[in-house]
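Chemist: Chain by chain, the residues:
Protein chains: 2
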Amino acid sequence: MDIKRFVLEKAKEAGAGARSLATASSQLKNDVLGAMAEALREHSADLIEENAKDLEYARKKGLSSAMIDRLALTGKRIDEMAGGLAAVAQLPDPVGEIITMRQRPNGMTVGRMRVPIGVIAMIYESRPNVTADASSLCLKTGNAVILRGGSEALNSNRMVVRILQGVLQQFGIHPGAVTYLDAPGHEAVLEMIKLEGLIDLVIPRGGEGLIRTVTENSRIPVLKHYKGVCHVFVDREAELKMAGDICFNAKVQRPGTCNAMETMLVDEAIAKKFLPKMLKRFAAAGVVIKGCAATRVLFPEAKKIAEGDYRMEYLDLILNVRVVKDMDEAMAHIAAYGSLHTDVIVTGDYAKAMRFVREVDSSAVLVNASTRLNDGFQFGLGAEIGISTDKIHARGPMGLEELTCTKFVVFGNGQLRQ
Amino acid sequence: MDIKRFVLEKAKEAGAGARSLATASSQLKNDVLGAMAEALREHSADLIEENAKDLEYARKKGLSSAMIDRLALTGKRIDEMAGGLAAVAQLPDPVGEIITMRQRPNGMTVGRMRVPIGVIAMIYESRPNVTADASSLCLKTGNAVILRGGSEALNSNRMVVRILQGVLQQFGIHPGAVTYLDAPGHEAVLEMIKLEGLIDLVIPRGGEGLIRTVTENSRIPVLKHYKGVCHVFVDREAELKMAGDICFNAKVQRPGTCNAMETMLVDEAIAKKFLPKMLKRFAAAGVVIKGCAATRVLFPEAKKIAEGDYRMEYLDLILNVRVVKDMDEAMAHIAAYGSLHTDVIVTGDYAKAMRFVREVDSSAVLVNASTRLNDGFQFGLGAEIGISTDKIHARGPMGLEELTCTKFVVFGNGQLRQ
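If you read the sequences in order, they're chains A and B.
Quick note on numbering: the working numbering labels position 99 of the first sequence as 99, and the sequence is numbered without any gaps.
Quick note on numbering: the working numbering labels position 301 of the second sequence as 301, and the sequence is numbered without any gaps.
The following block holds chain A by itself, in its conformation from the complex (with noise of 0.2 Å):
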């Protein structure tokens, strides 16, 4: 197979695909999204075959248990995954929305249109559900998208796109709008993302070696979804049961997820109070605590933190504590070891609260909030594509709104440049 022109052919389907998907209607995509839902209900039994090639291979392949379920298709997460596309069905479309208005003196009036982007292409790792999840987004903006699983679910990603595809040539849009790069090995991939001018923006979502790889060798912009090393700074003047549970739910309600806390930072003036209860009641969840010297003294049974441990995302029930003098230090401490992603204050002193927001540089910063909150659904977003880590285009939860671009449209009467 001469790849190089594979997936030259795979591009300009989905251009072609793009350009059939870019006027359709609100209604239309709705009813192809409606259709999608009910075609991968009905082909259930199609899906769970294929997909039990791909849980044989995995198997045979020594994966884990806990990749072997992430990739596993039962008959209740079909349903699941086809609610989640009559979901996006339900959500606003923010194609043609003109969002800002106005009129020069000139006379002529100048908008910003929401559009399309054109072509996004999908690269992430194992579950299959993200075939559909990134299809729905995609197609309800009005985009084309060339998806790239990983290959352990190769079988059951084919199935899922030959079901979608099968009820976008029954409306009338050209299949190319959800496009699967189905060739073996990284060559393809790396061919694909040197597409520019056919590609318009390359999401990657895995692991950080897969998006280092995607950056260093793309000609097209690349919207990123690094690590999350999330911080929750419990001030003197927090409310001290609310930074209790703040820091609970932050650590404890779904580790391994990126918005999970990695790191506690105490003000000194209330660690004394603060923290032997906290981190007994850590330690009774089962969550390992690595602590500074300060916190030892207060919990001997605190491991000793290392510098390096301030850097880790460990996605797991571990937790770095420190005591920070002041705020100061606290925001010091999350400017140099933070990812920027999730960063918390739980204060009850207005100045503190403003200052913290202001200053922190990350895609989001609450207060006396659980950084668990940093998520598309959460923030109203009504869907999530991932979390941004970029400060391009996009930064933090991404829902349907990035999934576009604006145009300039202007409405004139005759106007010349003089």
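Keep in mind that the hints are not guaranteed to be accurate.
Copies of the same chain look alike in the list, so a pair counts if it works inside one copy or between any two.
Said to hold, decoys possible - Lysine to any residue pairs mimicking SDA-like chemistry, simulated, CA-CA at most 20 Å apart:
#1 224 <-> 9
#2 194 <-> 215
#3 325 <-> 307
#4 194 <-> 217
In short, the hints are calculated from the structure, not lab data.
Once you've looked at the hints, dock chain B against the given chain A.
Modeler: Below, chain B without anything else, positioned relative to chain A:
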């Protein structure tokens, strides 16, 4: 000189500058801009002296008189440069603005606050006023800038930067906020655009070759300003007097700009009535006409067009003219040969106007107005750092807002993730 280390040092200085600027008040930033304007005026003689060295070198190198003119600083040009800084001081500060603020069902309030991007690298050619312009726009938006101008303007650029840095220090801002990458050759630039994590955005301004080289080698997001192949489509329902004035303005008012018209598309239903008179007017203004077969029947003086001409950005008094069957053929032409920059329809038909606006995928789509109006000042952005041909982050004219990103800010009272 160890180039790698030198570039790294410069980027770190800029980072220190960015931190020093990020939380500066609008008042302080405006005071600094005002003082910079004054300082440029005070040092006019020094600037002219340094500029003379560049001019001498340019003459020795045999640069064209047009290029030498662009390079030259006079008292008047320095005054205009200073005036530009003072004008930026007058613009509203986007930093800190909260653009949406919503209450969520759980009682927390979620906003999006505009914040600086961080460190922006500007790579540009010849005119030394870009050094002051770019510095002022970045400073106003709280960003540090690393400037890299053309070697032909090195002495002038160094002097401008020295003056601006003097003012920064006077106001207690880290001088790295305006950093000049003062190392000869391309190596320094190639090193700089790999400094992911230290530099947040690269904006190359110049020829297509420069932009391509930067895009292909950068690991940092690049905002591209590619060529403008702009169209005016004169529909059969156009008011022909208005159409004539718009076309003439679009081509002749300043042909050397990226938003000048390169191709005029004329509906066949009015070609006979519109074209001969229009093309005579163009010819009288010195415009060379390249025409399709139908055009040459109506205006035999037109040169025969080659297909490749339709892709040309002439930046000169040369115009492609093509007669088309209808708006669909015009839109197909724009999609096939255009550069998604600026496209215009002249029509009195409501439905066609709305369809053209919706379906043409350019950074600016205008009805009954000149292509030349696609400009930050004309659109009311107050300033312009360029016209982005990208679809990511910014599209079309980039003003101050496009030099910021947003972060989510959340005001809670103990909210947890359920």
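Chemist: Quick one: residue 325 to residue 307, C-alpha cut-off 20 Å, is that within a copy, between copies, both, or neither?
Modeler: within (18 Å within a copy, 71 Å between copies)
Chemist: Using 20 Å as the alpha carbon limit, work out where residue 194 and residue 215 are close: within a copy, between copies, both or neither.
Modeler: Both, since 11 Å and 11 Å are each at most 20 Å.
Chemist: Which holds for residue 224 with residue 9 at a C-alpha limit of 20 Å: within a copy, between copies, both or neither?
Modeler: neither (26 Å within a copy, 26 Å between copies)
Chemist: Within, between, both or neither: how does the pair residue 194, residue 217 come out at a Cα-Cα threshold of 20 Å?
Modeler: So residue 194 and residue 217 pass the 20 Å test inside a copy (7 Å) and across (11 Å) alike.
Going down the numbered hints, you'll see the structure goes against just number 1.
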